[in-house]
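Protein chains: 2
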Amino acid sequence: MSTDTSERHGHYLEDLSVGMTAVYSRTITEADIAMFAGASGDTNPIHFDEEFAQSSPFKGRIAHGMLTASFLSTVFGTKLPGPGCIYLSQTLKFTAPVRAGETVVARVEIDAIDTEKKRVQFVCTCTVGETVVVKGDATIMVPRKADQRPVAA
Amino acid sequence: MSTDTSERHGHYLEDLSVGMTAVYSRTITEADIAMFAGASGDTNPIHFDEEFAQSSPFKGRIAHGMLTASFLSTVFGTKLPGPGCIYLSQTLKFTAPVRAGETVVARVEIDAIDTEKKRVQFVCTCTVGETVVVKGDATIMVPRKADQRPVAA
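Chains A and B, in that order, give the protein sequences. Our numbering numbers the first residue of the first sequence as 1 and each following residue consecutively. Our numbering numbers the first residue of the second sequence as 1 and each following residue consecutively.
One thing to keep in mind: the hints can contain errors.
In this list, chains with the same sequence are indistinguishable; a pair is considered to hold if it fits within one copy or across any two.
[What the hints assert, rightly or not] Derived DSS-like pairs: lysine-lysine, alpha-carbon spacing no greater than 25 Å straight-line: (1) K145 - K135; (2) K59 - K117; (3) K145 - K79; (4) K145 - K59; (5) K59 - K93; (6) K59 - K118; (7) K135 - K59; (8) K118 - K135; (9) K79 - K118.
Just so you know, the hints here were simulated from the structure itself, not pulled from any lab data.
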């Protein structure tokens, strides 16, 4: 018999409606950039070599675009819809650089819900102050509460 | 006077042709998943709670989809085109789960080059054995060698 993990689940499809939003906000630090490089293997000097980065159009080191984008996954996986959802797809446009010390607000908003296919469309933005640094769309599959196994009393 | 960092640069637009490929391969470990969660804040129990994950359609813990996707950024930033390129956009479809201990091969291939706009289109896949786990497209801006400042002798 398996453990009842229903309390650990996030929102079900029935809980969701168009226009719902959630955010994850985070100040990107040098430590985060180093950790992300460790996990991903992306040691591009634009993130780590100030001399190289000064010679680039960014005029200094920047964070990995995929680190900023990963905050969208954080919102989906921990807040809206939260645990139990399945990440199907994501589009990303990297529209401005992010530097260590800057605070990113990753925001997702429900744009459409296909109740038949249990698919939820999200509009996603990451901003630093007023500047959009990442934008895109995501599709997430969200289970129906009605489809869950009844839990034994 | 700024340091000459030209040796640290990757490929220039003139070096690229349609059909060129590069890969980054990596065995995803529990440590990588923990590091990625630290950097991203994504502590979804599907990655960390075996009881919760057993109750999911994946029947066990899986790696973050964005961790696997980040290996594409690693190829771009370190190999092809390499340092000096600018990541403009990425699409991602998460087509199968990846588990700790599995080896991901992230592969990018040049699909088209717009020499006027200096934009290069890539087709991207991440595979575990024969299974495609992530697929998508990317657009990267690549500087022209001819546009670089001459370096003083």
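Results for each hint:
1. K145 - K135: For K145 and K135, neither the intra-copy (30 Å) nor the inter-copy (30 Å) Cα distance is at most 25 Å.
2. K59 - K117: between (46 Å within a copy, 21 Å between copies)
3. K145 - K79: Within. Shortest intra-copy distance 17 Å satisfies the 25 Å Cα cut-off; inter-copy 46 Å does not.
4. K145 - K59: Between copies, since 18 Å is at most 25 Å while 50 Å is not.
5. K59 - K93: Cα proximity of K59 and K93: one copy only (21 Å, versus 33 Å across).
6. K59 - K118: between (45 Å within a copy, 20 Å between copies)
7. K135 - K59: Only inside one copy: K135 and K59 sit 23 Å apart there, 32 Å across copies, limit 25 Å.
8. K118 - K135: Intra 23 Å, inter 22 Å, cutoff 25 Å: intra and inter.
9. K79 - K118: Intra 18 Å, inter 39 Å, cutoff 25 Å: intra-copy only.
Violated hints amount to a single one, hint 1; each of the other numbered hints is respected by the structure.
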